[in-house]
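Trainee: So the protein sequences, as listed, match chains A and B.
Position 144 of the first sequence, counted from 1, bears residue number 144 in UniProt numbering, the numbering being contiguous throughout.
Position 188 of the second sequence, counted from 1, bears residue number 188 in UniProt numbering, the numbering being contiguous throughout.
Think of the hints as simulated: they come from the structure by calculation, not from any bench.
It is possible that part of the hints are untrue.
Each pair of labels, with its calculated beta carbon distance range [unchecked claim]:
(1) B:Leu209 to A:Pro65: 19 to 29 angstroms
(2) B:Leu543 to A:Gly140: 51 to 61 angstroms
(3) B:Leu282 to A:Arg74: 41 to 51 angstroms
(4) B:Ala173 to A:Ala66: 17 to 27 angstroms
(5) A:Glu207 to B:Pro176: 30 to 40 angstroms
(6) A:Asp213 to B:Leu101: 49 to 59 angstroms
(7) A:Asp132 to B:Pro176: 30 to 40 angstroms
(8) B:Leu209 to A:Gly140: 23 to 33 angstroms
Every beta carbon over 12 angstroms from chain B, so not counted as near; a handful from chain A, in silico [to be verified]:
(9) Thr12
(10) Glu18
(11) His27
(12) Leu29
(13) Gly39
(14) Arg74
(15) Asp132
(16) Glu171
(17) Ser174
(18) Arg181
Idealized CB from N, CA, C, for every residue including glycine.
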Amino acid sequence: MTQEPRPPMPETSPLILERVAIFQGSHPLVAVDARIAPGEVLTLMGPSGVGKSTLLAQVAGFLSPAFSATGRIRLGDDDLTRRPPERRRLGLLFQDPLLFPHLSVGGNLAFGMRPGGGRRERRRLVGEALADIGLAGFAGRDPATLSGGQRARVALMRVLLAEPRAMLLDEPFSKLDAALRDEMRRLVFARIRDRGLPTLMVTHDREDAEAADGRIIELGN
Amino acid sequence: MPVFRPGIRLIPRLTVLLLILPVTAGLGGVLAPAFGWLPALGGQAWTLAPWQALWQAPGLADMLRLSLLTGLVSTLVALAIVMLFLGAFLETPLFRLVRRLLSPLLAVPHAAAAIALAFLLAPSGWASRLASPRPSGWTRPPDYLFPGDPDGLALIAGLVLKEVPFLLLMSLAALPQCRAHERLMVARALGYGRVNAFAKAVLPGLYPLIRLPVYAVIAFATSTVEVAIILGPSTPPSLAVAVVRWLNDPDLALRFQASAGALLQLGVTALALLLWWGGECLVRRLLAGWLEGGGRHRGETLGRLLGGGLTGLTIVLLGASLGGLALWSLAAYWPFPAAWPSPMTLATWREAADTALGPLGHTASIGLGSTLLSVVLVIGCLEAETLRRRPLRPGAQLILYLPLLVPPVAFLYGLVQLQAQLGLAAGWTAVTLGHSLFVLPYVFLSLAESYRRLDPRWGQIAAALGASRAGIFWRVRLPMLTAPIAVAAAVGFAVSVGQYLPTLLLGAGRLATLTTEAVSLASGGDRRLTAVYALGQLALPALGFLLAIGLPRFLFRHRRQLLT
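Whole structure, please, built from the sequences with the hints as guidance.
Mentor: Given below as structure tokens:
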């Protein structure tokens, strides 16, 4: 058990939702059939309660037992449908940054990083990652002392350091105030394109969808 | 006319007084005799003689070692089982099942659990009968020492069995507070296996919230009397048992030595807490790098196996112990290798019915009295919080835990001294007040969350409709909280039923309850009668919980929203 299993990492595999449908009991809630190309952002839009976050939870592997699902979730040829969430290697960004309060800012980033490398090497990588999001020198800070925008950036970087193969965004900008929202949108989508990550975003904000500049699926009619 | 608000405001002070005063006065009450001052027994000079006598007591070093080790090891094992279980199964269907199995076991009094375990694992216990004559090949009870092995393994097992449900319930209450669900999800989404995600992302937030309950477990385990009498070795016993023996010795001169022993017990418990705290610091240091090292799956399988296996073992042991207890109470004749007693009879129950009625009445009346007092005071404290719109200060929370952190042996005997000097009669009132010291903290712990969570807007609506403060309390808040109050009362009642030492000491040994009878029967030879008393001791709290859950359902059968 000492070897970290590393599934092959074809950076450019598309994320495929093959006739994925969510049910509450026997009542069908939402169904999506889509292929998201590397670097593409697919937006699911709809009012709250139509099950868009539930669908995202199913893709991430966190579907609550109150629901059931059919269909398959694939990353290229890699079938993720029955795999536990920790083995899917999908980057999940929530409404809240959810930085761990028991770790420093640098510790939160190190938590996301793949294991290996000496302590000094890891520290250097954390420093680089922080500089990359304009927070150089913040490694020792308590996350509680950060502003909302800073926290959001650290949360994004923590996910990226885990080297995900695709991204899932659950209303990631809804809790930021308007001025920050634009800046954060630009940052997130630029990083996603740089890395060629297929991305599924759930939102009820049309501006998010426009900023994503990709296909939009409207749910709930 | 507005007496309600000032009245409520007095209650927190009264409660704090009720908790602090007996503990400090009790400690003071052993301090003087420990240094030779006890005029009633002719001690009129300050001297170190009691300490010298204590130092020379045979086996003192063993007693100290036993108290310290059994206390620390049992706490460590119980905590490890609960954490491994949470790590391996949090938010799985199995988790809900185990939670339902373990929660009612919290109501089992310590003495009953200890007796049941002793009857299960003793050489002639149910476990070895089930394994004999095949596959073990035993035709006579095998030769090993249980309970009462000199290393205290039986004692540790008994303590672990009882502390696992307690620590689990305390953790369950703390999990939402530290946003365990979100922490776990973030870590798993970052690729951490269940056990690793729990250990690295949830545990560092959870532990600080259950630290006080853990300390209470250490304090109890290092100073327990009833569990150690039943499961611990007898020569030498653990320190707390020795102190009680010296207290009850016909040679009154031993009272001085007992007082010194009581203070030493305080020191042993303090040392255990200090060692634990040192361990906490060390672990935090050593694991800082591990938390951030990025390892995601190491030890995952082992953690799941241990978490599942140990929790399963705990449940099986507790279940089999209680089942065996029931068999013993029905046995007429049960020769060794037979797996079942045959014939079964109610004779022991009928026999006990004559003698147990008195103890049963005492147990119930003391339990009801101390629970009523505690529930009134706790509701008063929580209502005062609501009036001030500010929760308890951390200091006040520590005071609530005070009777759970100071070993009862250390301060109860001092209280007995004061009782004698002030000319107060030992008996029902003293015992009931003494029980309240231990009942009140548990009632508070059990009720506080629900009381604080009640939406303040209910009160605001009522006030806007013209209700007075008192009216809001009596006609809105109290009825809405009936269900949690009933459960808190059942918890308090169960705690009171399980009390051994306060009953023994404050009742001057004359007030028999099911618990005191069960403990003294356990050291005798009659397993059948002991089983009946232990089951009775267990049935009372169970009845309490049934009522606590059933009564609100009946009262509010047409008010469904109140029952969620």
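Trainee: Now, for every hint given, state plainly whether the structure supports it.
Mentor: Hints, verified against the model:
1. B:Leu209 to A:Pro65: 19 to 29 angstroms: Distance hint for Leu209 of chain B, Pro65 of chain A holds at roughly 26 angstroms.
2. B:Leu543 to A:Gly140: 51 to 61 angstroms: 57 angstroms, holds
3. B:Leu282 to A:Arg74: 41 to 51 angstroms: 47 angstroms, holds
4. B:Ala173 to A:Ala66: 17 to 27 angstroms: Hint holds: Cβ distance 23 angstroms, inside 17 to 27 angstroms.
5. A:Glu207 to B:Pro176: 30 to 40 angstroms: Because 33 angstroms falls inside the window, the suggested range holds.
6. A:Asp213 to B:Leu101: 49 to 59 angstroms: 53 angstroms, holds
7. A:Asp132 to B:Pro176: 30 to 40 angstroms: 35 angstroms, holds
8. B:Leu209 to A:Gly140: 23 to 33 angstroms: With Cβ atoms ~25 angstroms apart, the hint holds.
9. Thr12: 20 angstroms, holds
10. Glu18: 22 angstroms, holds
11. His27: Given that every Cβ of chain B is farther than 12 angstroms from that of His27 of chain A, nearest at about 22 angstroms, it holds.
12. Leu29: 20 angstroms, holds
13. Gly39: For Gly39 of chain A, whose nearest Cβ neighbour in chain B is about 21 angstroms away, the distance exceeds 12 angstroms, so it holds.
14. Arg74: 18 angstroms, holds
15. Asp132: Holds, because the least Cβ-Cβ distance between Asp132 of chain A and chain B comes to about 18 angstroms, which exceeds 12 angstroms.
16. Glu171: Check passes; 15 angstroms lies beyond 12 angstroms.
17. Ser174: Check passes; 16 angstroms lies beyond 12 angstroms.
18. Arg181: Check passes; 22 angstroms lies beyond 12 angstroms.
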